[in-house]
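J.: So for the sequence shown, the numbering used here puts the first residue at 1; every next one is plus one.
Rather than coming from a laboratory, the hints here were simulated on the basis of the structure. Predicted model, so just to flag it, every value in this text is computed and none were measured. Keep in mind that a hint or two might mislead.
Computed beta-carbon distance windows for the label pairs [claimed, not checked]:
{"#": "1", "residue 1": "Asp58", "residue 2": "Glu4", "range": "29 to 37 Å"}
{"#": "2", "residue 1": "Lys25", "residue 2": "Gln79", "range": "14 to 22 Å"}
{"#": "3", "residue 1": "Pro68", "residue 2": "Asp19", "range": "36 to 44 Å"}
{"#": "4", "residue 1": "Thr44", "residue 2": "Arg2", "range": "17 to 25 Å"}
{"#": "5", "residue 1": "Pro78", "residue 2": "Asp19", "range": "18 to 26 Å"}
Note that CB positions come from ideal geometry on N, CA and C, so glycine has one too.
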Amino acid sequence: FRLEDGLVCAPAELELLGDSSVRVKVHEGHFHQVKRMLRHVGGTVTALHRDAFGCLADPELLPGETRPLHAAECLQIPQMLPLDRVSRTAQGCPAWRASPPSSG
1 FRLEDGLVCA PAELELLGDS SVRVKVHEGH FHQVKRMLRH VGGTVTALHR DAFGCLADPE
61 LLPGETRPLH AAECLQIPQM LPLDRVSRTA QGCPAWRASP PSSG
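Modelling step: build the complete structure from the supplied sequences, incorporating the hints.
T.: In structure tokens:
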């Protein structure tokens, strides 16, 4: 799929959920990609909900909620990135995410 600025996106999956609702599964996540794709075919987006980010998903979290990552999830994050974007520290996945970040 080629967006209006010439950006070529990996194939996406589209599932019709109702008269005015769709589920879109993208494999990249370029700036406003879903909105731009739907606008290209005459659609509009009034609300978006991300139910997963790569291998990370928690169907029990409500909008706005957070939780600490499990150790297995922490190990998977560097694998989702190109190696040139992952620091050596993160590749070893130390305890830098054993607890939630402090606020403030």
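J.: Determine for every hint whether it applies to the structure shown.
T.: These are the hints, each one checked on the structure:
1. Asp58 - Glu4: 29 to 37 Å: Given range 29 to 37 Å: holds, Cβ gap about 34 Å.
2. Lys25 - Gln79: 14 to 22 Å: 19 Å, holds
3. Pro68 - Asp19: 36 to 44 Å: 39 Å, holds
4. Thr44 - Arg2: 17 to 25 Å: 20 Å, holds
5. Pro78 - Asp19: 18 to 26 Å: 41 Å, violated
Of the hints listed earlier, the one the structure fails to meet is number 5.
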